[in-house]
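Colleague: Put the two chains together into one complex, using the hints given.
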Amino acid sequence: EDQVTQSPEALRLQEGESSSLNCSYTVSGLRGLFWYRQDPGKGPEFLFTLYSAGEEKEKERLKATLTKKESFLHITAPKPEDSATYLCAGENSGYSTLTFGKGTMLLVSP
Amino acid sequence: GAGVSQSPSNKVTEKGKDVELRCDPISGHTALYWYRQRLGQGLEFLIYFQGNSAPDKSGLPSDRFSAERTGESVSTLTIQRTQQEDSAVYLCASSLGQRGYNEQFFGPGTRLTVL
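As given, the protein sequences belong to chains L and C, one line each in that order. Quick note on numbering: the first sequence equals residues 12 to 121 in the numbering used here. Quick note on numbering: the second sequence equals residues 5 to 119 in the numbering used here.
It is worth saying that the hints were derived from the structure and are not from the lab. Check the hints yourself; a few may be wrong.
Chain C is faced by these chain L residues, among others (derived, beta-carbon under 10 Å) [to be verified]:
1. VAL15
2. THR60
3. ALA64
4. LYS113
Straight-line Cα separation of at most 25 Å, BS3-like style, residue types lysine-lysine; simulated pairs [unchecked claim]:
5. LYS21(C) with LYS61(C)
6. LYS113(L) with LYS61(C)
7. LYS113(L) with LYS79(L)
8. LYS53(L) with LYS15(C)
Examples of chain L residues toward chain C, derived with CB under 10 Å [claimed, not checked]:
9. GLN17
10. PRO19
11. GLY40
12. PHE45
13. TYR47
14. GLN49
15. LYS53
16. PRO55
17. GLU56
18. PHE57
19. LEU73
20. LYS74
21. THR108
22. GLY112
23. GLY114
Beta carbons: idealized from backbone N, C-alpha and C, even for Gly.
So that you can see chain C by itself, here it is in the shape it has in the complex (with noise of 0.2 Å):
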């Protein structure tokens, strides 16, 4: 398919583990932005990847959160000695990056559990 896609789509883990969310962008997107859903809450900036600009992490809520992106393919969210408060639904979206044409299309989401 031609859509964004993230894995796995549920995860389980426990308090204190580490845990790795993959998103797979739309081809030729060139703009890459991680979310978090709470139950019942907006969505939640977390971090933003623009080609081979430095990433913008401004809405990392804490050091236990890192992201990668390898070039303007794949990234990897990466929550270190989870939390239960870190439960929640991620969502990657990805957009063409260009001033006028940027229309964020989103995976279907990560949903985390921690225990």
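This is chain L alone, in the form it adopts within the complex (with noise of 0.2 Å):
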């Protein structure tokens, strides 16, 4: 059974302090690892898509990277509106939905 683990749960960061989430996963032929945001009472805001291993992408203070066991979204420098629940999503190879983690809840204090 494909599974999607998120850690830590939850995380608190003062502005500026960079960090990393982590999201393990076994996910049978994994094709594609997905990162979104939510912001309480939204849908997920869709933030990156990872198809191999050592691949990397950046949007503003996010950078998402992948290995072949676990990705990482790491958060530079980061601010208060960066405060969001962060998912991670795995998409097997025989399907085309996704296995969600539970997320990590992003507090970010000024």
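Modeller: In structure tokens:
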């Protein structure tokens, strides 16, 4: 059974304090690893897709990386507006559906 | 707007009543998905439509849940004889449905409360 595990469950940072969120997965023939941001009361917002180990993608203060077993979302010099729940999801090679982790709730204090 | 829309945004119902939730996907997206998100939990896959293929219903939790989609447009998720454990946010997403372009774009969700 495909599984996606995210850690930590919650993370509190001071503005400017860089850190990383972890997503470990056991997904059969991983086709893609997706990162989403979800603000309270809203649907998830797409951030990145990573397709192969070694791949990296960046967007503003966020950088996502992928290895054969896990993905990291690095947050550099975060700002309070980066506060949200970050979700990762894996796509199985045999299906087009995604298996989601439970997310990491990030709070950035000014 | 060009995004996925869902209605209603909130629904409060009594236990035992039926509810219908609606999703309008992004125009041109052939794939449509329904998920359930319970408080403090991850997204739980319910059902997936791809073009004219038979839907993947493997995530539906019971036969009280059903969904339909008309062509490549609107989808309706129906929950019959609602139970309190059905209370959750129901999210709809759509994608191009093509290999390598399967980013899913989500609607704002419908918050269902069963009293």
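Colleague: Each hint needs a verdict: does it hold in this structure or not?
Modeller: Evaluated hints:
Annotation: VAL15(L) was flagged as interfacial toward chain C, and the flag holds, the nearest CB pair being 8 Å apart, inside 10 Å. A least Cβ separation of about 6 Å between THR60(L) and chain C falls short of the 10 Å threshold, and the interface hint therefore holds. Because the beta carbon of ALA64(L) sits about 17 Å from the nearest beta carbon in chain C, more than 10 Å, this interface hint is broken. Against a cut-off of 10 Å between C-beta atoms, the interface hint on LYS113(L) holds, since the closest Cβ of chain C lies about 4 Å away.
Taking the CA atoms of LYS21(C) and LYS61(C), the gap is near 22 Å; set against the 25 Å cutoff, the hint holds. Between the alpha carbons of LYS113(L) and LYS61(C) the distance comes to roughly 22 Å, so the proposed pair stays at or under 25 Å and holds. The straight-line distance between the Cα atoms of LYS113(L) and LYS79(L) is roughly 20 Å, inside the 25 Å bound, and the hint therefore holds. Of the pairs offered as hints, the one joining LYS53(L) and LYS15(C) holds, with about 15 Å between alpha carbons and a cut-off of 25 Å not exceeded.
Hint status for GLN17(L) relative to chain C: holds, with the closest Cβ pair at about 8 Å, below 10 Å. A cut of 10 Å between beta carbons decides the hint on PRO19(L): the least distance to chain C is about 14 Å, and the hint is violated. At a threshold of 10 Å, the smallest CB-CB gap from GLY40(L) to chain C is about 13 Å, leaving the interface hint violated. Residue-level restraint check for PHE45(L) holds (minimum Cβ-Cβ distance to chain C is 7 Å; threshold 10 Å).
Evaluation of the TYR47(L) hint against chain C yields a held restraint, the C-beta minimum of about 8 Å falling below 10 Å. Annotation: GLN49(L) was flagged as interfacial toward chain C, and the flag holds, the nearest CB pair being 8 Å apart, inside 10 Å. Hint status for LYS53(L): holds, given a least beta-carbon distance of 6 Å to chain C, under 10 Å. Restraint check, PRO55(L) versus chain C: the minimum CB separation of about 5 Å is within 10 Å; hint holds.
Evaluation of the GLU56(L) hint against chain C yields a held restraint, the C-beta minimum of about 7 Å falling below 10 Å. The closest approach between the C-beta of PHE57(L) and any C-beta of chain C is roughly 5 Å, which is under the 10 Å cut-off, so the hint is satisfied. With a least beta-carbon distance of about 16 Å to chain C, the hint placing LEU73(L) at the interface is violated under the 10 Å criterion. Annotation: interface hint on LYS74(L) violated; nearest CB of chain C at approximately 18 Å, more than 10 Å.
For the restraint placing THR108(L) at the interface with chain C, the shortest Cβ-Cβ distance is roughly 5 Å, inside the 10 Å limit, so the hint holds. A distance limit of 10 Å between C-beta atoms decides the matter here; for GLY112(L) the minimum to chain C is near 6 Å, and the interface restraint holds. For the restraint placing GLY114(L) at the interface with chain C, the shortest Cβ-Cβ distance is roughly 6 Å, inside the 10 Å limit, so the hint holds.
When the structure is compared with the earlier hints, violations turn up for hints 3, 10, 11, 19, 20 and for no others.
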